[in-house]
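Given the coordinates of chain A, assemble chain B onto it according to the supplied hints.
Going down the list, the sequences are from chains A and B.
The first sequence finishes on residue 174 if you use our numbering, and the numbering steps up by one all the way, no holes.
The second sequence finishes on residue 1475 if you use our numbering, and the numbering steps up by one all the way, no holes.
Calculated directly from the structure, the hints in this document are not laboratory data.
Certain hints may be false.
Covered, in the sense of this in silico footprint (three residues per stretch, anywhere, with C-beta under 8 Å from a C-beta of chain B), are these stretches of chain A [unchecked claim]:
1. 29-39
2. 80-89
3. 129-143
4. 154-168
Mimicking DSSO-like on lysine-lysine, the simulated pairs with C-alpha atoms at most 30 Å apart in a straight line are [claimed, not checked]:
5. A:Lys174 x B:Lys1194
6. A:Lys130 x B:Lys1464
7. B:Lys1449 x B:Lys1472
8. B:Lys1199 x B:Lys1021
9. B:Lys1294 x B:Lys1454
10. B:Lys1464 x A:Lys21
11. A:Lys130 x B:Lys1195
12. B:Lys1434 x A:Lys21
13. B:Lys1471 x B:Lys1456
14. B:Lys1105 x A:Lys49
15. A:Lys49 x A:Lys4
16. A:Lys26 x B:Lys1472
17. A:Lys49 x A:Lys130
18. A:Lys160 x B:Lys1294
19. B:Lys1021 x A:Lys21
Since the model is a prediction, treat every value here as computed from it, not as a measurement.
All C-beta atoms, glycine included, are put in the ideal place defined by N, C-alpha and C.
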Amino acid sequence: MSDKTIYAIYDDDYVLLESAKHLVAKGIHIREVFSPFPIHGLDPVIGLKRTRIAITAFIYGMIGVSLALLGMWFFMIQDWPLNIGGKPNFSIFTNLPAFVPVTFEFGVLCAAHGMAITYLLRNWTLPGFKARNPYLRTTDDWFVMEIHTSDSSLDAEEIKALINETCVVEIDEK
Amino acid sequence: MHKEAAIREPLILGDDVTYSKITDDVLHSIEHKPTKLWKILMTIATIVALWGVGSILYLLGTGIGTWGLNNTMGWAWDITNFVWWVGIGHAGTLISAVLLLFRQKWRMAINRPAEAMTIFAVFMAGLFPMIHMGRIWMAYWVLPLPNQFGSLWVNFNSPLLWDVFAISTYLSVSLVFWYIGLIPDFATIRDRAKKPVPKLMYALLSFGWSGKAKEWQRFEEVSLVLAGLATPLVFSVHSIVSMDFATSIVPGWHSTIFPPYFVAGAVFSGFAMVQTLMLIARKAMRLEYIITVKHIEYMNIVIIVTGGIVGVAYATEFFIGWYTGVQYESYVYMSAGAATGPYAWAFWSLIFCNFIAPATLWIKKLRVNLIWTFVLSIIINIGMWFERFDIIVTCLSRDYLPSTWRMFFPTWVDLGVYIGTIGIFAVFYLLFLKYFPVLAFNEVKTILKSSGEKYKNMSDEEFKKLHPVFKKDIK
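So that you can see chain A by itself, here it is in the shape it has in the complex (with noise of 0.2 Å):
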């Protein structure tokens, strides 16, 4: 059976978000729904997972601490230790209250840009990356569901009827 994409176009996005649970019911798998804003309670209708984005900026984070604490650990402590003041500086301990903004700063600048970059990765949105959303107006006011005949036991006909229950603007084949 040869693949069939079938676009079905919305006007609006609670009329999509109760097609969608309705088409979802019927047996029909959502690959993508294309929307110009976040539209909530969508996610686990089509069957989304959480994403697991901010454990890595957790992860990105203790690492800027860590860097922040072994490198002012070896310029002030170990490489070369100042005396100011009569106030030498004689262990990391000893050292941390003074060492707490830095270390604050580095992590938080490591978990925002870490998390920042793996998102623009995980996305694949990067400079010069070409859009797939399949119609201009779906970043403006169009709120599209793509769906894959292969994806479940039904043909497009039957798909296309079901689609056609509910209030949908446009129905697009490719």
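Positioned in the frame of chain A, the structure of chain B alone reads:
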């Protein structure tokens, strides 16, 4: 569908607002030729900016001896301007991060322009410590880089170095936060652009964003986590700036109240600057139905709260200065000595601008009066500049020994650099208004159904009639 309490006033006004109308109106300035007003403002801003650039070049070529500094007064306008600009830069991240964590829907309409203001203001702020080094080409010495002196490292015990890390982290994290939010909006402009050059430009800027469900899911998560990271960052940055003063032994600077007091003052001045810019922008761009009077009022309430904290801090400083009984404390910026001394004019300007004038906002009629809000926002901007001037100059001018007491007189270079940064800031901001999506309009669309006037008081039945899901009744 999600509904909010009926007593909340709508945040998007008008019965004819649709998703595409929001897009059309926000992108109007990008898709059309610049207006006459924009050209006039841009011309003025460019002239002022060029004056500033000229002053900075003269300063770098000649040295910081061209400033009005003297032996007693090693810091004056440069650090005043630095703290003033950093303070202004605090509103943007507060709006975008703290209000996001608190799920304040009114943030949607103003977060983008406020963040842009933050980034440009922090740019301006960063300029001052750099040019104050005198030899700006050695500015990289503040970084812990291996060098031929042994290696001699920077001093991580010093608040001035904490400042380097705080300001650069704040600038780059704000930039990331701002840009992550801009990507989907650039994609909209890209998909609407008709001419090849803008299409290519916005295609590059939008990174190939497609608006997939998974992209949006990650987008929301990243925004939330960035907000969580940026919130403590906002508080830490101005705390660290205040420690430049608080960890010294200069009377008036050596004060434990400084970190929270500086943060409140920063938010206070930042919101005042947002008001100044927003009141002009919403009118010029005809976006009054998205940036409503309610938004202006909410910001005014933030000004009352933070202004109140600042007022309490002034009173505390004044009392503690007197209560210590230490002679040196009787000439610090909040003291009877300052109120009657040679800097009394600066002292009373501060009290008027930051304490008396903002108190008028307690009256609802004035709080929603746009002309008064605009005038007051300028007054607060001036007042917050005076606050930093008073802290730095008044405290330094009255040294331990009366023989070293000096006054500070700015030179034309001082003035040129300060006014010039306002010009450079204005140039950046005007370019932003013309070429960038001035509002996060795709985020504004998400609140249309919960907070738009059209939907606000609709019953569920009416809503379902307006947005039928099925063509005919099916089970």
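Output the numbers, in ascending order, of every earlier hint that fails for this structure.
Hints 6, 12, 18 are the ones this structure does not satisfy, whereas the remaining hints hold.
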